[in-house]
Amino acid sequence: MYFDSVADALAMGGHGAFVWGAYGITFLIIFFVLLRPVMSTRRLNAGIREEALRKRSAKGAQGNAS
Amino acid sequence: MTEARDIDILHYCRSQTVRHLILILRSPSEMINPLVFFLLVIVLFPLGLGPDPKQLSILAPGILWVVALLSNLMICMRLFVDDLEDGSLEQLAMARVPLSVAVLPQLTASWLASGLLLSLVSPLFGLMLGLPLDVAPVLVASLLMGTAIMLLLGAVGAALTVGVQRGGILLALLILPLYVPVLIAGTRSLNEALHGGDPTVALALLGAGVTGGLLLAPLAIAAGVRVSLQL
Amino acid sequence: MWRIIHQFGSPPWVYRFCDRVIPWLFPITVLALLAGSVWGLLFAPTDYKQGDSYRIIYIHVPAAVVALAGYYVMALAGLVSLVWRIKLADTAMRAAAPIGAAYTAIALITGAIWGKLTWGAWWVWDARITSMLILFFLYAGVIALFEAYENKTVAARACAILSLVGTVNIPIIYKSVDWWYSLHQPASIKFTESSAIDASMLYPLLGMIITFYALFALLMMLYLKRSLTEDYARSAWLHKRLTA
Numbered sequence: 002m003y004f005d006s007v008a009d010a011l012a013m014g015g016h017g018a019f020v021w022g023a024y025g026i027t028f029l030i031i032f033f034v035l036l037r038p039v040m041s042t043r044r045l046n047a048g049i050r051e052e053a054l055r056k057r058s059a060k061g062a063q064g065n066a067s
Numbered sequence: 046m047t048e049a050r051d052i053d054i055l056h057y058c059r060s061q062t063v064r065h066l067i068l069i070l071r072s073p074s075e076m077i078n079p080l081v082f083f084l085l086v087i088v089l090f091p092l093g094l095g096p097d098p099k100q101l102s103i104l105a106p107g108i109l110w111v112v113a114l115l116s117n118l119m120i121c122m123r124l125f126v127d128d129l130e131d132g133s134l135e136q137l138a139m140a141r142v143p144l145s146v147a148v149l150p151q152l153t154a155s156w157l158a159s160g161l162l163l164s165l166v167s168p169l170f171g172l173m174l175g176l177p178l179d180v181a182p183v184l185v186a187s188l189l190m191g192t193a194i195m196l197l198l199g200a201v202g203a204a205l206t207v208g209v210q211r212g213g214i215l216l217a218l219l220i221l222p223l224y225v226p227v228l229i230a231g232t233r234s235l236n237e238a239l240h241g242g243d244p245t246v247a248l249a250l251l252g253a254g255v256t257g258g259l260l261l262a263p264l265a266i267a268a269g270v271r272v273s274l275q276l
Numbered sequence: 048m049w050r051i052i053h054q055f056g057s058p059p060w061v062y063r064f065c066d067r068v069i070p071w072l073f074p075i076t077v078l079a080l081l082a083g084s085v086w087g088l089l090f091a092p093t094d095y096k097q098g099d100s101y102r103i104i105y106i107h108v109p110a111a112v113v114a115l116a117g118y119y120v121m122a123l124a125g126l127v128s129l130v131w132r133i134k135l136a137d138t139a140m141r142a143a144a145p146i147g148a149a150y151t152a153i154a155l156i157t158g159a160i161w162g163k164l165t166w167g168a169w170w171v172w173d174a175r176i177t178s179m180l181i182l183f184f185l186y187a188g189v190i191a192l193f194e195a196y197e198n199k200t201v202a203a204r205a206c207a208i209l210s211l212v213g214t215v216n217i218p219i220i221y222k223s224v225d226w227w228y229s230l231h232q233p234a235s236i237k238f239t240e241s242s243a244i245d246a247s248m249l250y251p252l253l254g255m256i257i258t259f260y261a262l263f264a265l266l267m268m269l270y271l272k273r274s275l276t277e278d279y280a281r282s283a284w285l286h287k288r289l290t291a
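Chains as they are written, first to last, in my numbering: chain A, 2 to 67; chain B, 46 to 276; chain C, 48 to 291.
Just so you know, the hints here were simulated from the structure itself, not pulled from any lab data.
One or more hints might be untrue.
Claimed, not checked - Computed cross-link-like contacts, DSS-like style, restricted to lysine-lysine with a CA-CA straight-line distance of at most 27 Å:
hint : chain 1 : residue 1 : chain 2 : residue 2
1    : C       : 287       : A       : 60
2    : A       : 56        : C       : 287
3    : C       : 199       : C       : 134
4    : C       : 287       : C       : 163
Make a model of the complete structure from these sequences and hints.
Here it is, written out as structure tokens:
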């Protein structure tokens with residue numbers, strides 16, 4: 002490690018809040034852009050599975066009745 | 046056959062330009078309004094910045110160009126709207142003349158009624174902002190070319206947004222970033238002329254912009270019109 | 048060769064491709080992002096001129112580079128969609144726009160923070176920052192145009208034309224902004240252009256640039272998969288894949 006101590010690394014020669022803040026904001030943005038498609042795919046998939054299940058059970062009920 | 050068609054196109058362009066000019070002249074307010082808008086905004090600047098002529102003349106190139114840009118945007122917002130409503134845009138797209146050529150007469154007429162007019166009266170507005178008369182030729186020349194480029198670029202945006210509800214603000218969002226080089230070259234030419242420099246580089250760049258715009262923009266405009274008509 | 052191109056036009060194939068690559072690419076990219084940040088933040092030496100504030104370079108420059116490249120990716124997808132009318136190219140274009148806008152936002156925000164440290168002001172009309180801001184507006188324009196149309200196929204064609212017009216204009220905009228800046232550049236504001244960057248600083252930077260490209264690819268696949276799921280919700284192949 003380049004820095005002597007953890008405190009030094011956090012301070013960044015007095016610019017700590019700015020440098021760490023820049024990285025923090027970047028990761029926050031990346032996190033949200035990553036999360037958005039993952040979550041909505043999951044939601045869509047759940048809907049599709051549910052529909053498929055409903056169709057199958059409807060078919061099953063029909064089969065039982067006849 | 047092809048020869049007959051070539052003559053056709055020239056004749057077509059001429060008659061269509063005349064037609065569009067007549068249409069514009071029939072409702073002169075559409076031609077006058079952007080000019081009044083231009084004047085009005087110019088008046089707002091001394092009111093906001095103070096009447097000191099020295100300060101105004103420093104800011105004048107930027108003010109004139111930004112206002113020219115905005116009034117050009119106003120013209121572009123109206124560009125294909127009526128033609129879409131009365132169906133003549135569809136006729137244009139179906140005609141034997143290639144659409145990229147067929148849109149040119151309207152643009153020419155629009156430019157004659159807006160850009161040309163604005164450029165010719167701009168020295169007057171320059172005087173109001175404390176610009177010396179010696180830079181008037183550069184002002185007129187740069188605006189002549191700049192308004193042509195802006196109209197060509199704006200027409201691309203207008204073609205893409207004409208079919209959209211409330212397309213006006215959308216058009217501004219699409220087109221204003223593309224106007225940046227025109228604004229830079231235009232103000233640069235004026236600043237050079239004001240401070241005893243050589244404005245020809247900036248003017249030559251504007252000329253290159255007109256040439257490039259005339260070559261490429263009609264293709265994009267035609268493609269945009271086809272998209273808006275959903276052909 | 049032609050078969051590969053053909054496959055990229057087939058939704059089930061692309062869906063399967065994304066499904067297979069994402070489980071690998073996702074952890075690798077996240078790990079590389081973390082490793083690169085740690086390297087840049089803690090292990091790279093301090094710049095003798097700017098001190099530790101220069102460490103922002105490891106996210107600022109990669110974001111800016113990929114943001115610009117992303118516009119070309121979007122325009123290329125638009126061209127493919129216009130010429131060959133491949134629906135997947137529409138989807139790719141639509142996916143690239145918000146990702147590119149996010150990268151541009153990262154470059155702008157980190158640039159502002161860096162500017163505060165080196166120039167003492169949050170916003171400076173520096174040529175590169177200004178160009179980046181205009182790029183952000185170009186992305187915003189494409190996104191807004193896409194949202195404005197009801198019919199998404201028509202929207203994609205309109206966006207394709209717009210992004211191609213933007214592609215022609217981007218070099219002109221960049222050059223003109225540089226030109227503008229060179230005239231107005233005040234003496235006090237100067238960007239320290241280190242012509243010979245030391246290897247110990249360069250390697251983490253290159254690593255981060257590659258990582259940001261990988262992240263772009265990963266995000267494209269995630270958005271592609273999402274859009275495919277949405278567009279083909281009623282098709283048999285997707286049902287089979289999801290319920291198997």
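* Could you tell me which of the hints above the structure violates, numbers in ascending order? => 4
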